[in-house]
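Student: Chains as they are written, first to last, in the working numbering: chain L, 428 to 735; chain R, 428 to 735.
Source of the hints: derived by calculation from the structure; they are not laboratory data. For every residue, glycine included, the Cβ atom is placed at its ideal position computed from N, Cα and C. Just so you know, nobody snuck in bad clues.
Derived coverage of chain R by chain L (criterion: at least 3 residues anywhere in the stretch with Cβ under 8 angstroms from a Cβ of chain L; other residues may be distant): (1) 512-524; (2) 606-612.
Some chain R residues near chain L, calculated using beta-carbon distances under 10 angstroms: (3) L529; (4) A636; (5) E638; (6) V718; (7) D720; (8) F722; (9) Q726.
So the chains spell out like this:
Number of protein chains: 2
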Amino acid sequence: MSMLRLAIVGLGKIARDQHLPAVAGLPDIAIAAVVSRNARLDGVPCFESLEALFASDVAVDAVALCTPPQVRRAQAALALAAGKHVMLEKPPGATVSELAPLIASARDKGLTLFATWHSRHAPAVEPARAFLAANRPLSVKIDWREDVRVWHPGQDWIFEAGGLGVFDPGINALSILTRILPRPIFLRGAGLAFPADRAAPIAAELDLADEAGLSIRAEFDFLQTGPQSWDMRIETEGGTLMLSAGGAKLDHDGRPLVDEAEAEYPALYRRFVDLVGGRESDVDLAPLQLVADAFLLGQRRSMEAFTW
Amino acid sequence: MSMLRLAIVGLGKIARDQHLPAVAGLPDIAIAAVVSRNARLDGVPCFESLEALFASDVAVDAVALCTPPQVRRAQAALALAAGKHVMLEKPPGATVSELAPLIASARDKGLTLFATWHSRHAPAVEPARAFLAANRPLSVKIDWREDVRVWHPGQDWIFEAGGLGVFDPGINALSILTRILPRPIFLRGAGLAFPADRAAPIAAELDLADEAGLSIRAEFDFLQTGPQSWDMRIETEGGTLMLSAGGAKLDHDGRPLVDEAEAEYPALYRRFVDLVGGRESDVDLAPLQLVADAFLLGQRRSMEAFTW
Numbered sequence: 428m429s430m431l432r433l434a435i436v437g438l439g440k441i442a443r444d445q446h447l448p449a450v451a452g453l454p455d456i457a458i459a460a461v462v463s464r465n466a467r468l469d470g471v472p473c474f475e476s477l478e479a480l481f482a483s484d485v486a487v488d489a490v491a492l493c494t495p496p497q498v499r500r501a502q503a504a505l506a507l508a509a510g511k512h513v514m515l516e517k518p519p520g521a522t523v524s525e526l527a528p529l530i531a532s533a534r535d536k537g538l539t540l541f542a543t544w545h546s547r548h549a550p551a552v553e554p555a556r557a558f559l560a561a562n563r564p565l566s567v568k569i570d571w572r573e574d575v576r577v578w579h580p581g582q583d584w585i586f587e588a589g590g591l592g593v594f595d596p597g598i599n600a601l602s603i604l605t606r607i608l609p610r611p612i613f614l615r616g617a618g619l620a621f622p623a624d625r626a627a628p629i630a631a632e633l634d635l636a637d638e639a640g641l642s643i644r645a646e647f648d649f650l651q652t653g654p655q656s657w658d659m660r661i662e663t664e665g666g667t668l669m670l671s672a673g674g675a676k677l678d679h680d681g682r683p684l685v686d687e688a689e690a691e692y693p694a695l696y697r698r699f700v701d702l703v704g705g706r707e708s709d710v711d712l713a714p715l716q717l718v719a720d721a722f723l724l725g726q727r728r729s730m731e732a733f734t735w
Numbered sequence: 428m429s430m431l432r433l434a435i436v437g438l439g440k441i442a443r444d445q446h447l448p449a450v451a452g453l454p455d456i457a458i459a460a461v462v463s464r465n466a467r468l469d470g471v472p473c474f475e476s477l478e479a480l481f482a483s484d485v486a487v488d489a490v491a492l493c494t495p496p497q498v499r500r501a502q503a504a505l506a507l508a509a510g511k512h513v514m515l516e517k518p519p520g521a522t523v524s525e526l527a528p529l530i531a532s533a534r535d536k537g538l539t540l541f542a543t544w545h546s547r548h549a550p551a552v553e554p555a556r557a558f559l560a561a562n563r564p565l566s567v568k569i570d571w572r573e574d575v576r577v578w579h580p581g582q583d584w585i586f587e588a589g590g591l592g593v594f595d596p597g598i599n600a601l602s603i604l605t606r607i608l609p610r611p612i613f614l615r616g617a618g619l620a621f622p623a624d625r626a627a628p629i630a631a632e633l634d635l636a637d638e639a640g641l642s643i644r645a646e647f648d649f650l651q652t653g654p655q656s657w658d659m660r661i662e663t664e665g666g667t668l669m670l671s672a673g674g675a676k677l678d679h680d681g682r683p684l685v686d687e688a689e690a691e692y693p694a695l696y697r698r699f700v701d702l703v704g705g706r707e708s709d710v711d712l713a714p715l716q717l718v719a720d721a722f723l724l725g726q727r728r729s730m731e732a733f734t735w
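Isolated chain L (complex conformation) (with noise of 0.2 angstroms):
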């Protein structure tokens, strides 16, 4: 296929970080445009908003949103109304509720809808979900432990109502899970640690299921200091599967089978360029799913206050 013309949609930390550096690595895809409020860059046409983006001579075919959840949804009807393919950061949306309109749009006009997981291309989940398919899991223990402190410094967005809290990364364990386990997975109860001034959870701990009736614990906790952890440990019928590192690493009995550096963007772009060629789309709802039945039945506990 020829050149995809994207526009990068929010210039935040995620985009410099990891959306840039993705596109420039791959031959089939180059940045066109960018649109943001207020930011910046050098060389390439610069938008304030989509609007001005779709009423400029400057062509693209694809439109990569990584602004905030609550306004992405607005963001995508209006993409593809333009008949552009739209590739969702994570989580997709602001509610699970607001993807149907979307598939539907993208469905009825033959446009791509990517919404993305970027753990699920992390190098050792695909070796995972090939060993889990051969060996039936017995029991899954998940540790996502991480300091909001070094990872979100002072972004207060990520404890107000719909910031998701310590979920911000613990849907990332969510999307590898129900990416590597065989069957279905379903929340048969939660606990929420709210601090006492804060309308998000700062810990959190799941307990799943699938039909089989397999027992998955989750804990995430967003006040780890020291060693940071990304680890799921899998009891299989072949034996003991260590995922760690955030899918990065894994190990069978203790003996490694992939640890690799992380590479998950330019893997998540071939991807989409592979979509928009086969016009097919990718929405699975699975992990902001299991979010929202956590803040359905979860119990609520309060802690003390946070301060960063």
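Please build the complex by placing chain R on the supplied structure of chain L, with the hints as guidance.
Tutor: Positioned in the frame of chain L, the structure of chain R alone reads:
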């Protein structure tokens, strides 16, 4: 078709008030068994568990699950595995995610799974839907205000985590709304009021929309004394539609179109018999999804403690 032999599972208030009389009034379905841990029904074989029923020589074709949502998934899975058609009281589950495996199981086995929304069978709901298919809606205002002390006296479970609180009646409004509007809707924002000593909201405001920008405001209140309100006011290009009394009455520009006695459960069972006859399922998750989204996105505020 031949007589459908039904087991009622969970012999609480809703089963006695609605399910038993509705089935008694229909010619092609009959109560063949009751499953309850402690309640009994004269003249009908009673069992303490679904396992005991299925191990007996009492033959049933279908089960109606009138148990609390938290235990219903496991019962539905068991009944489907035993080859029985399943009717689920509202809400269809404690979480949205748990429905996918049940839907797949019913489909694989050629069985009927029916997630009921009783309010959709109120007499004015289909006339309202037909009107809105022909007259574009311009705005919707929902007032769903009732006295929890009258309708759920002493039922503490309704204010426990997962008990839905004011969304227990509110989801009825959402089930009507998602049925009568011509396009899918999503949540833009929500406010949830929690009594200081309770884990579920006692009042809520929802700000909803559809893809065409239709503005929908819903207000749910569990502390209404005096007259109770279960009303929707819908401004349309063809005048004002008032759907009131929980869907039993419909006025157009002040002129009555429908004013009938409520007969939701007989309609529900006629639908179930039809679905079983055609080996079809009917599982619309939209109302429960909107509630989960409201918990995910909603601003929480604290109110004074609640006492019965």
